[in-house]
Each structure stands twice: as C-alpha cells, then as structure tokens.
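S.K.: Given next are the chains, with one letter for each unit.
There are 2 protein chains.
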Amino acid sequence: MASARAQPTTCMALAEPLALDSGQVLHGVTVAYETYGTLAADRGNAILVPHALTGDQHLASPHPITGKPGWWHRMVGPGKPIDTSRFFVICANVVGGCMGSTGPASAAPDGAPFAMRFPVITIRDMVRSQVALLDRLGIARLHAVVGGSMGGMQALSLAANFPGRAARVLGIATSARHSAQNIAFHEVGRQAIMADPAWQGGEYYGSGRTPDKGLSVARMAAHITYLSEAGLTDKFGRRLQDRPDGSKGAKSFGFDADFQVESYLRHQGISFTDRFDANSYLYITRAMDYFDLAEEHGGRLANAFAGTDARFCVISFDTDWLYPTSESRSIVHALNAAAAPVSFVELSAPFGHDSFLLDVPALDRVVAGFLGQ
Amino acid sequence: MASARAQPTTCMALAEPLALDSGQVLHGVTVAYETYGTLAADRGNAILVPHALTGDQHLASPHPITGKPGWWHRMVGPGKPIDTSRFFVICANVVGGCMGSTGPASAAPDGAPFAMRFPVITIRDMVRSQVALLDRLGIARLHAVVGGSMGGMQALSLAANFPGRAARVLGIATSARHSAQNIAFHEVGRQAIMADPAWQGGEYYGSGRTPDKGLSVARMAAHITYLSEAGLTDKFGRRLQDRPDGSKGAKSFGFDADFQVESYLRHQGISFTDRFDANSYLYITRAMDYFDLAEEHGGRLANAFAGTDARFCVISFDTDWLYPTSESRSIVHALNAAAAPVSFVELSAPFGHDSFLLDVPALDRVVAGFLGQ
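Sequence order for the protein chains is A and B.
Residues in the first sequence are numbered consecutively from 1, following our numbering.
Residues in the second sequence are numbered consecutively from 1, following our numbering.
Check before you lean on any hint, since a few could be wrong.
[Unchecked claim] Straight-line Cα separation of at most 16 Å, EDC-like style, residue types lysine to aspartate or glutamate; simulated pairs:
no. : chain 1 : residue 1 : chain 2 : residue 2
1   : A       : K251      : B       : E295
2   : A       : K235      : A       : D359
3   : A       : K251      : B       : D292
4   : B       : K68       : B       : D292
5   : B       : K251      : A       : D21
6   : B       : K235      : B       : D359
7   : A       : K251      : B       : D21
8   : B       : K251      : A       : E295
9   : B       : K251      : A       : D359
No lab work stands behind these hints, which were simulated from the structure alone.
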C-alpha cells in the first residue's frame, strides 16, 4: 500500500494573538503543520487530526529526528482508513509543543527562550490555535476531526467550543476530563523532570545540559500506563535478557536490566529524550490535567454539546486502563442527553491505551466507516 | 481497645553466616525485631508477621522516626484479630532493610558501609534470616506466618522452603511471582533513584547528601499502584486545593500542586525519605522482582507446596490491580494441585492494594477466624 506523501512541515504565523484560558495573551504564535492529500475546490474534504501528548505533526511522514514512520502512518494514507486520496488531512503540532509550534523553547519577546515564563496552556488553547490555522487555510467546516487520547480531547473541545466547525467528531481512547489517577501519574513525571538538577528551573536551553534523566523516568512511568498488564505479560513476561558476557537469560544478581521489560522501558525512556523537550512535557501534561469539559460548561457535560450539529463516534478499548471504557461511556451519555447523533463501540485489543496506534483491524473499519458516511 | 505493648526492638546477631541465593555468604548478620505478647511454655503460640516493601519491625508500636502507630496496629494487639493476649507475635526487619537489620547502610567487613557492595538478596534470603531468628528464639514450629504483599511472598516462601516450620500460612494481597508490570513499576523507581546525582553510585553515606528527590519520585510512582482508581477518585477526584494566597480552589495556571491529589502524592514522596534508605529501596524491590516461587521449584508452582503440612488461607481484594485476584487464584490452584488445605476469599474493599493495611472489617474476621482454627 502506498504511503502518504506529506507536504513538508509548514510554519504558519497566526494572524491574531492567541487569547488563552489563563487570561494571558500569546503574541506571534507559530503553528507547525503538515498536510496530506489535496484540498477539494469546495474545501469540504478536510480532516483535522490533533495529536496526543508526545505526538507531533509527523502524522504519516518519517520523523525528522528518529527517522521512524509517522505516528499514525498505518491509519493515514492513500486507501487507508483516513484516505488521503480522498481527504485533505491536516496535523499541527500543539501550542506548547517542541516540533515547530510556539512552545517553552521558543523565543519570548525579549529574545531569550520562554522556558517557564511560557504561559500555562489548556486543551482549548490548543484547539484555538488549530481553528486559527483552519481560518488561515480557508477551511470553514471540517469533514471531520479525528483524535486519539489527547487528540480526542482536542476533538471534543473543538466540537464543544467551535460548534459548526466539524461535521464529524471521532474520539478514540479518550476522556472528557482527567481523573485523579491520570493527574497522579502526570505529577510523578513532572516531579521526575523538576528533580533533575539539569532542569535548572527550566532554564536549561543553551546551557549544554538537558534534564534527560528526569524526562526519561517520566517517560518510563507514563509508558507503563499506555500498555495493558496482559500485554506486558505477553510481550515480556518474566523473560530475562542475554547478558553482555554471553550468558543466556541468567539473573545478574545486580542492578543491570536483567528482565527484558526493564531493558525495553529504559530504551523507551532514553530514546524519548532525543526528540522531546522536557519543558514541553511539563506544559502539555498540565494542559491534560486541567482538561474537564464539563467544568468549562457549567459542570454538566451535556451542556458542552448543546450547540453541536456534528455526528459523533466514540471508540474505547477493553484493555485501556488509562482512559477506560467508562470514560467513553460518560461522553456518550452526555451526547445522548444533548440529542447529538453518536455511535459508540468498545473494541477488544490487547495493547491497552496504545491500541489506538497499533494494529487493530476493527479500529480501521470503524474509522473508515464513520468518515465515509 | 488496648494497643499492643511491644518489647523494644532487639538486634539479634545470627549464629551462622547467611548463605544467599546469589551464591554469596553474608557474615555477621543482625536481625532487628520486635515481639508482642508472651511466648507460651510449649512455644506453640508464635506468629511470624513478615513486613511489606516499606514496612519494618514496628508492627504495632509507634515508629521511632515518624511517631505514627505501627503499620498494622489495627490488626495486632490484645483482642485484635492477631490477638497478642493469646499469641506471641514476631516481626523482623528484612535483611537488606534500613531499620536495624543488616542492609546496604551497614558496615561491611572493611568498616565502610556496604552501599552497592551489599549482595543482591531474594525473598528466600529474607526468609532464611527469619528462620535463623526463630532458631535463636527456640521456636520450632509457628502457629502461623501471616503476611500481606511482600510479607505474603515471604509467608509462601517459608511454607515452600521450610515445610513444617509453620502450621498455618496466611497470604494477603500477594503473588507467587512478580509480573512484568510489577517489575516495570519497580524499575521506574530504581531509575528515579539512580538518576539522582546525590545517589553517587550508592556511596552517599556520610557525604551529607542523600538521593531524596529520586527516592521521593520512586515512592510517588509506587504509591499510585497501591491505590485504586476509584479510591483516588473518591478521595480526591479533581478537587483543587486552597491557594497559599487564600484563594479557594482556583487553578494557579502554574506548576504548583493545584490538585489535592498532587499535594498528597508530593507529601507521600517527601515524608518517605525521612524514614527509608534509598539503597534499601533498590535492594528490596530487586528481591521482589526476582521472586518466582514456581521457578525455584522446577517451573511448577504446585511443586513448591509438595512437602507442606500447613493449612493455607489466601485473601485478595477486588480493587487491587497491583496483585490482582488472578494472582491469588494461581496460588490456590497450585495448593489444590498439591492437595494442601486452603481457604480462598476475595474481599470487596475500595482501597486497592493498600486494603490489607486499612479498615476492612471482613479482613479482620477472616484473619481472626483462620488463626483461631
């Protein structure tokens, strides 16, 4: 199957300052984005795909640092469920990110990096910047907005706060608010970063030191939550690795990575630091923790969807314990209460939260079917 | 209800060197322990209570550092489920620990602290040291061994490796082997400690610096796994704290602990460093990760119990996702296959893994009933 041909990343300066939920105003915002496929003459075939916590605009194009295929390359391309021979697909790095959109590593008005002077942003602020991008692209109404995890939060927020801008809203493995446990895991990650002396209060840019150890621990802790217990058992169980000295699968009676799962996690942590900025991790996790769509709308989730004219599809995975099916069901109940048309499916997949990124043929069918309706 | 009157901690030098699973031999081992109640003339009323990962010998006596009641004060005392007016209860700090038993902070033969020269120990090594203590106390056969979490692992290991030494074996919220997910969470904690520059390769004793930040992050990550998602939601939900400036429950749009769950976790992390040695945390988590009772016995868990003449009781909690009921069921199936008498109950309690330490009246009844049989 052909892969998607992306336009190279474009950095678009927004026309207007971005008024944030915090009350602050961010001037001179840049949004880095990629597009796939061709915008129809009537501009009616655009699909926006907001990314998850550690994603970026490299939706289906090789990542410039890791060289790996884009994070949703299996979903987006010609003939794929999000079919780029039919749709014009847009993916933008979130505000607060580190792949070209304005974030903590960007220059503040005084020329120095914002670092922790960057304003705390929210999911709605991310959506505001993407709607501003749609304005620049002349797209009044999306065929669909499609997102998994934090991408799903943005999809829901767009539906709630910009009714009329999307005809279809697809949220996968997501939630309308962050639970206490979700916040707790993020707080561990933030504390791990801030405990690293190389963090230097966030002022590490240009210092020659970056808080890689802290960021790596944060990523390790988070990564466990993306997988299911059964998935980890299937993939690694208690299998030992072969030792550097050639001995096969023996315990070292030391603190090397004896178990394959230890080695895997360490690799996940370390490789993450090559492509992600620790301060962006702080800001984006904070945005997720602040997310509570009901709270934004008078404490009642159904209110969030009162003005919508979109059709919705909500998908959860049975092994996802980070955003379990009960969270999706709350969204569906609110949509029902708001009389919005909604399809809801819980898919069975062994990969936990990460199922939305992995090989789940039933997911492909549901996504393709919903977008084709 | 009267509380238990403990004998002050006694430090007992073991008569023999301790031969470890690693092949190393530890000389001059000290075991710090407390006892409650009176040993009967026939020495038949002794109950051994091995502690969990961060426990110690202060089972039902105030902790000398924190001043808090002993970790199982609600279970152990006159008239309590483990009734010290009837039983002689022994609780010993594990080898590798930091409350008086020989561990990484202890002096090696050269007079300097072992630090990372301390040998990696196993759950079976912990049990060996406790059996050696029982020998010194002249206790040939325990009325019971009772443990939760890692204490339960020790109880099972004692039953398997020292058949005949306990008439009753009670394992609560425990497992016969550490899963990939269990190992993964421990590895995050170890990496957090070792990433702290104050850890200094473990050689921090006497340096004036201790890896408190790393240990605190390790404790925070672990603490989440001790609680249930629903328990965290009930206890904290998304409630905000009042701000130091007096404003009530408002988001700071910063990185202070806005949510009560953040503040709680930070407190858990920081206060833990007052009473626990980071190197002990490394060694004890390693012992837990290495634990696989089936592997020790030819790969078949039933073999571990082939020689036992004890009665068993296995208790799990429905909200414990760290050592879920399925792990207890595996133990019970193995005991069935070994034709050992076993009672098994899954209790409903909202507190997750920590249920074994908290107010669960049904647990009290099962423990008291089993010990009284």
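S.K.: All the hints need checking, so say for each whether the structure fits it.
M.R.: Going through the hints against the structure:
For the hint pairing A/K251 with B/E295, the CA-to-CA distance comes to about 12 Å; that is within 16 Å, so the pair holds. Restraint check: the Cα-Cα separation between A/K235 and A/D359 comes to about 15 Å, which is no more than 16 Å; the hinted pair holds. Only pairs whose Cα atoms come within 16 Å are accepted, and A/K251 paired with B/D292 is accepted, the gap being roughly 12 Å. With a C-alpha separation of about 33 Å, the suggested pairing of B/K68 with B/D292 is violated against the 16 Å cut-off.
Taking the CA atoms of B/K251 and A/D21, the gap is near 11 Å; set against the 16 Å cutoff, the hint holds. Between the alpha carbons of B/K235 and B/D359 the distance comes to roughly 15 Å, so the proposed pair stays at or under 16 Å and holds. Of the supplied pair hints, the one linking A/K251 and B/D21 holds, its CA atoms being roughly 11 Å apart against a limit of 16 Å. For the proposed pair B/K251 and A/E295, the alpha carbon gap of about 12 Å is at most 16 Å, so the pair holds.
Pair hint B/K251 plus A/D359 does not hold up; C-alpha atoms about 39 Å apart against a cutoff of 16 Å.
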